[in-house]
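> Fit chain P to the given chain C structure using the hints.
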Amino acid sequence: MHKKPLSKQIYDARWCYLFVLPCSILTGMFVIYPIGMSWYFSLLDWSGFTKEAKFIGLQNYYEAVNDKFFWDAFIRSFIFMFGTVPVKIVLGFIIAVFLNNQVLKLAPFFRTVIFMPVVTAIAIIGIVMTFVFSPFNGPANKFLMSTNLTSAPIDFLGNPDTVLPTVMGVYVWKWLGITMMYWLAALQTVPQDVYDAAKIDGAEGYRLWIHIILPIVLPFAIVIILVEAVGALNVFPLIETMTAGGPFFSSEVMEIYIFRTAFVTDSGTMPRLGYACAAGVFWGVAVLFITVLQGLWMRRTRRI
Amino acid sequence: MKKKKELKISRRTVMKGALAAGAMMSAGSIPSKLFAGEFNIPDPLKPLPTTGGNMRWIDSGDMKGVFWKKLFPEYAASRGITIEYDGLPWKEINKIVPIAIRNGTVHDVFQLPIGMDPGVAVSEGWVQPWDDYIENIDEWLGAFPSGVYLPGVNQFNGKTYGTCLTANKRTGTCLLYSEKYMSEAGYDPQAGRMTYSEIRDAAKKITKNGNGQYYGWIIGGNQVNRWEDVVHTFGQVGGAHSGRGGFTNRHINFQNGKFQIASDQYMEAVELLLQLKSDGSAFPGVMSMNAPQARALMPQGAAGMIFQGPWCIGVWGRDAPNWKYGIASEPVPDGKEAQPLYIAEGGSNTFWLSANSTMGPFAGDLIRFMGTEQGQIYWAQTVGAADPAVNPDAVAKAGLTGPSAQALAMFAENILVGPNPIVRNKDVGIVAAKSRVPDPSLALVIQGLYTGQLKGVEAQLKDCNQRYEDALDKAVEEARADGANVTRDDWVFPNWDVYSNYGAEKYQEI
Numbered sequence: 009m010h011k012k013p014l015s016k017q018i019y020d021a022r023w024c025y026l027f028v029l030p031c032s033i034l035t036g037m038f039v040i041y042p043i044g045m046s047w048y049f050s051l052l053d054w055s056g057f058t059k060e061a062k063f064i065g066l067q068n069y070y071e072a073v074n075d076k077f078f079w080d081a082f083i084r085s086f087i088f089m090f091g092t093v094p095v096k097i098v099l100g101f102i103i104a105v106f107l108n109n110q111v112l113k114l115a116p117f118f119r120t121v122i123f124m125p126v127v128t129a130i131a132i133i134g135i136v137m138t139f140v141f142s143p144f145n146g147p148a149n150k151f152l153m154s155t156n157l158t159s160a161p162i163d164f165l166g167n168p169d170t171v172l173p174t175v176m177g178v179y180v181w182k183w184l185g186i187t188m189m190y191w192l193a194a195l196q197t198v199p200q201d202v203y204d205a206a207k208i209d210g211a212e213g214y215r216l217w218i219h220i221i222l223p224i225v226l227p228f229a230i231v232i233i234l235v236e237a238v239g240a241l242n243v244f245p246l247i248e249t250m251t252a253g254g255p256f257f258s259s260e261v262m263e264i265y266i267f268r269t270a271f272v273t274d275s276g277t278m279p280r281l282g283y284a285c286a287a288g289v290f291w292g293v294a295v296l297f298i299t300v301l302q303g304l305w306m307r308r309t310r311r312i
Numbered sequence: 198m199k200k201k202k203e204l205k206i207s208r209r210t211v212m213k214g215a216l217a218a219g220a221m222m223s224a225g226s227i228p229s230k231l232f233a234g235e236f237n238i239p240d241p242l243k244p245l246p247t248t249g250g251n252m253r254w255i256d257s258g259d260m261k262g263v264f265w266k267k268l269f270p271e272y273a274a275s276r277g278i279t280i281e282y283d284g285l286p287w288k289e290i291n292k293i294v295p296i297a298i299r300n301g302t303v304h305d306v307f308q309l310p311i312g313m314d315p316g317v318a319v320s321e322g323w324v325q326p327w328d329d330y331i332e333n334i335d336e337w338l339g340a341f342p343s344g345v346y347l348p349g350v351n352q353f354n355g356k357t358y359g360t361c362l363t364a365n366k367r368t369g370t371c372l373l374y375s376e377k378y379m380s381e382a383g384y385d386p387q388a389g390r391m392t393y394s395e396i397r398d399a400a401k402k403i404t405k406n407g408n409g410q411y412y413g414w415i416i417g418g419n420q421v422n423r424w425e426d427v428v429h430t431f432g433q434v435g436g437a438h439s440g441r442g443g444f445t446n447r448h449i450n451f452q453n454g455k456f457q458i459a460s461d462q463y464m465e466a467v468e469l470l471l472q473l474k475s476d477g478s479a480f481p482g483v484m485s486m487n488a489p490q491a492r493a494l495m496p497q498g499a500a501g502m503i504f505q506g507p508w509c510i511g512v513w514g515r516d517a518p519n520w521k522y523g524i525a526s527e528p529v530p531d532g533k534e535a536q537p538l539y540i541a542e543g544g545s546n547t548f549w550l551s552a553n554s555t556m557g558p559f560a561g562d563l564i565r566f567m568g569t570e571q572g573q574i575y576w577a578q579t580v581g582a583a584d585p586a587v588n589p590d591a592v593a594k595a596g597l598t599g600p601s602a603q604a605l606a607m608f609a610e611n612i613l614v615g616p617n618p619i620v621r622n623k624d625v626g627i628v629a630a631k632s633r634v635p636d637p638s639l640a641l642v643i644q645g646l647y648t649g650q651l652k653g654v655e656a657q658l659k660d661c662n663q664r665y666e667d668a669l670d671k672a673v674e675e676a677r678a679d680g681a682n683v684t685r686d687d688w689v690f691p692n693w694d695v696y697s698n699y700g701a702e703k704y705q706e707i
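Residue numbers (this note's numbering), protein chains in the order written: chain C, 9 to 312; chain P, 198 to 707.
It is worth saying that the hints were derived from the structure and are not from the lab. Every residue, glycine too, gets a C-beta built ideally from N, C-alpha and C. Among the clues, some could well be false.
Computed list of lysine-lysine pairs in DSS-like fashion (alpha-carbon distance at most 27 Å, straight line) [unchecked claim]:
{"no.": "1", "chain 1": "C", "residue 1": "Lys-76", "chain 2": "P", "residue 2": "Lys-292"}
{"no.": "2", "chain 1": "P", "residue 1": "Lys-594", "chain 2": "P", "residue 2": "Lys-366"}
{"no.": "3", "chain 1": "C", "residue 1": "Lys-150", "chain 2": "C", "residue 2": "Lys-182"}
{"no.": "4", "chain 1": "P", "residue 1": "Lys-292", "chain 2": "C", "residue 2": "Lys-59"}
FRET-style restraints, in silico, Cβ to Cβ [stated by the list, open to error]:
{"no.": "5", "chain 1": "P", "residue 1": "Gly-649", "chain 2": "C", "residue 2": "Phe-90", "range": "22 to 30 Å"}
{"no.": "6", "chain 1": "C", "residue 1": "Asp-169", "chain 2": "P", "residue 2": "Glu-381", "range": "28 to 36 Å"}
{"no.": "7", "chain 1": "P", "residue 1": "Glu-281", "chain 2": "C", "residue 2": "Phe-151", "range": "38 to 46 Å"}
{"no.": "8", "chain 1": "P", "residue 1": "Asp-329", "chain 2": "C", "residue 2": "Leu-296", "range": "46 to 54 Å"}
{"no.": "9", "chain 1": "C", "residue 1": "Val-121", "chain 2": "P", "residue 2": "Gly-277", "range": "48 to 56 Å"}
{"no.": "10", "chain 1": "C", "residue 1": "Phe-118", "chain 2": "P", "residue 2": "Gly-409", "range": "36 to 44 Å"}
Bound-form chain P, shown alone:
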């Protein structure tokens, strides 16, 4: 009979293991929280129901999903509940959440579809305030930086309906590149911001070096918002000062309250994309892939450059830890100085609690913990720059290094807080609820220009700009007909200095 093999651990093996673990911990290369079961989840501030239950949670995934999938099992076990998590792309959130709201099956905690006015969610009774579920909520809110929680944005009727754990100080169109391909092409984006000509030239050289095996540049072209994001941000870097966010903010220059879609800077950005295609530098399948697919091809060596967000850092770190890449700021048009980018006040990834939810005590307890400094440190250590934690002290204590730290430094340098019409006049929210992006949207126009189905950049962007102006005018008119006290002048901020943050004192001035 075969003797059963016994597991023998020698003293030498134990010593080797202990030394290796000690070296890893002391070097700080792997934060301790990466080991399962090491979240220090505090006891709830007040007793939670003992009935258990299942909490359903949906958000836009990416690195958030990575974090939640680590935390949720531990949290659920500590509170005697189960948590069902769905991390989905925004395109899916935009489909699922409205349908689920409509048929009364929306998750306990969810994110609103992009562009949907939170005021509508509150007035329609889809959500309930967090105040009853987050213990000492005033004290808890006081720990967040000013400008994160604002009336008309996430607070309504004196109550907090939306909770933000992350800052919106980031862009989704950084230059991410293969260090090998870029250096072979003779460029180093770390030496300074690249110009459009340099990007074009680098893409040509990478494609030439690839000899049909890889290409200069890639984009997830069937995910239409990618086209708009690139042109919008590049346009801003070029000097088309405009807001970010939903339809009533995006592309609007708050100096004159007009859309910037037909500006020279937008045209230059579109031309750059078309030139990358006409040069033969674009990956040949861009129109049949979405952003995550394009992102996944980068470490496989399919392309040298992609304009994407910091969420790539975590995904690549996990899926292709040995691949060498760099991150840099968006390129600038030739002969121009890079201009600031703008975000509206408030946080990002706002979480809403379904009005039908009975899991409020647990959701509130979890959100409260995540808003504490320890919760924010945990978040920052896993999510990094992808969705930066909103508490800057926690980010500093998280000890981020490498591309994450570089991205955060870049955002801090490049991004300012711009005006937000809804903070000035909450009736702008009614306009947002009435507004409809006209067909074809800017995203689709750029896609159509890229595929060659639309001709003439200038004419198309001018037409598009006019459609956007008309759509906003119509929405304002409809809101006024419903009693809203709002005019297009609410989008004009004459005291906006484009080189400084637009804070509370500026709103008071006007």
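Chain C on its own, in the form it takes in the complex:
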């Protein structure tokens, strides 16, 4: 069969291209262009707001990979991810299983309660939580002391040993509702006949869940894990409002590190946008790498 020339193919599909055009322009302006510019800026010695910018090749990258604080923040980001995602996935699943039960009359109420933190502004939650965990009259400490669980107030956000777990806990609480919703959506794809058939075959309780339901929702699990993992690597507003990365870098994740070097130096000297871009590009590639790995894992699981 004779193939149409490309120009003819494009002309024939002109309406499709026309409809794609606005989205392509916006993607180019707000995604492709900033990514490209950040790659370019990462090769400059530039504060970001003076005219003077010097091309220095890969020197920013060299400096970043030799900076202890860069790697500390890098590792801390992954600690945050590995510390929160499994908890959210498991807790979200358990809650979804309970709330998916049609017999439970108050399920919509509990769903709403658990989902409420998701729709609350994250900066507000961050600020309110600093009061909740305050060692001076904070409700968390008041509870611990009134129940004799501690004899002295705990400085949750000021102690390097407790700050990251505390922020992680708040993060899990804040976003648990969305994980629950993902799981509920997944569970509602399981047809009722499957439950009925399983029960007739004598599969009940944990056997029903392990051997029947879980294999059905597993592909959803991988998508949920992927979304949750990327989400847990983007926690700037919560940490900035709760601790700003302190005390002494104890809760500084990569986004805070990039922000600190790009815009704000505590000591007030010139920021380093070029260096921050190099750190950002490095970080972006690392996140992309993880996303690709998860994508491959998902394809493999689907084949199984």
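Just chain P now, with coordinates in the frame of chain C:
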């Protein structure tokens, strides 16, 4: 039908009111300017545009904000404009202003982030001179004390780019204390400057008396500059003579041009902070609060002492008028005489006019008024010692009393003008623009020592000192590569007598 209640004012009530108002005015306890609508704003020296508009203004707030919020509505009404004011902590200024400059939305009048070289702001074209907007500017400048307006500091290319309404003769680490707790502990800081041992002992006793309800000492520990400010000033009081200001001044002993971070005096000051913690005298939540939060807890009775600035006076006066507190000079190491503190020449709270601003005529008119003696009196009466008015005659006429007057007297006694390398050589400004405080900064090192994440005061301060030396060397080298005529010798002032002001004649000598 219920009869509408009528407002009845008897002759007796009117007489009582008049007598009360008269008594207040004659006692002078509340200056007349505190009543809204009583600023006597003069007419502009030349006609202002009649087009109106909105003027946006950002600065570091505190008592400045209190004053501006009273004045701005009146001024705006008198000139037919609106004024949008943002008073924010320095931490926020450091974030917002660079981003706003970068995207062209900076306020009409703003303060530069801490440590940013004004020369860069001028050369990059972010700001415009005030000369066209302040009528008879030469005469206006002549009314300020010498040393406030200086080439390379706020004047460039023969024009005035930065305006200062306040003096920088103050410290941010005075001893502020609860009179009740301190007296129960058996100490009276008004009897004389306290020593480190006395501070430690007083903090222990207050904590013991508090029995878990209050503690000896508090600091806004997650605001890292507080750690550096305390150690720097205490170090100076102990005898580590050094400059104040940005990276190219702070911690440098101008006798030899070297950083003082690893000096014995700095180490002693850090040790004092660590001892307050190890004694159990520190408020337990210091690492999760900033300076304003720590300050707000003092009148609530959470702690007995805080090392803070005179800006607390106005805030406490407004928020906790019945709370009794005292202000005293920074403590001194045991067995030592307190040494002077130093400021660089120039004023403080410099205001810059955005190059994109179309509100220059109004901003200039307002700044001109605030620089007059009447404007300075208004300022002094509201702001007091928090940001002292730059005109000493106006301060004297403002009739300040209580802690404000005491703080100003204390600053006058303790603070001298020290050398400023940028006044000696304007190319030092290029070094300032190139310089970067190394990671971790001194502020973070002290915070890390306090939390226990870093070990060994001496080793950490020595490392930090070396990092600062290397950073300054690198900045000088880069500035020289760009054509600046500058060396590390520009930081050495061999004729600096640490017990006297370093004035114009001293610069001429070298």
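> Each hint: holds or not?
How the hints compare with the structure:
| no. | hint | verdict |
| --- | --- | --- |
| 1 | C/Lys-76 <-> P/Lys-292 | holds, 24 Å |
| 2 | P/Lys-594 <-> P/Lys-366 | holds, 18 Å |
| 3 | C/Lys-150 <-> C/Lys-182 | holds, 22 Å |
| 4 | P/Lys-292 <-> C/Lys-59 | holds, 19 Å |
| 5 | P/Gly-649 <-> C/Phe-90: 22 to 30 Å | holds, 25 Å |
| 6 | C/Asp-169 <-> P/Glu-381: 28 to 36 Å | holds, 34 Å |
| 7 | P/Glu-281 <-> C/Phe-151: 38 to 46 Å | holds, 42 Å |
| 8 | P/Asp-329 <-> C/Leu-296: 46 to 54 Å | holds, 53 Å |
| 9 | C/Val-121 <-> P/Gly-277: 48 to 56 Å | holds, 53 Å |
| 10 | C/Phe-118 <-> P/Gly-409: 36 to 44 Å | holds, 39 Å |
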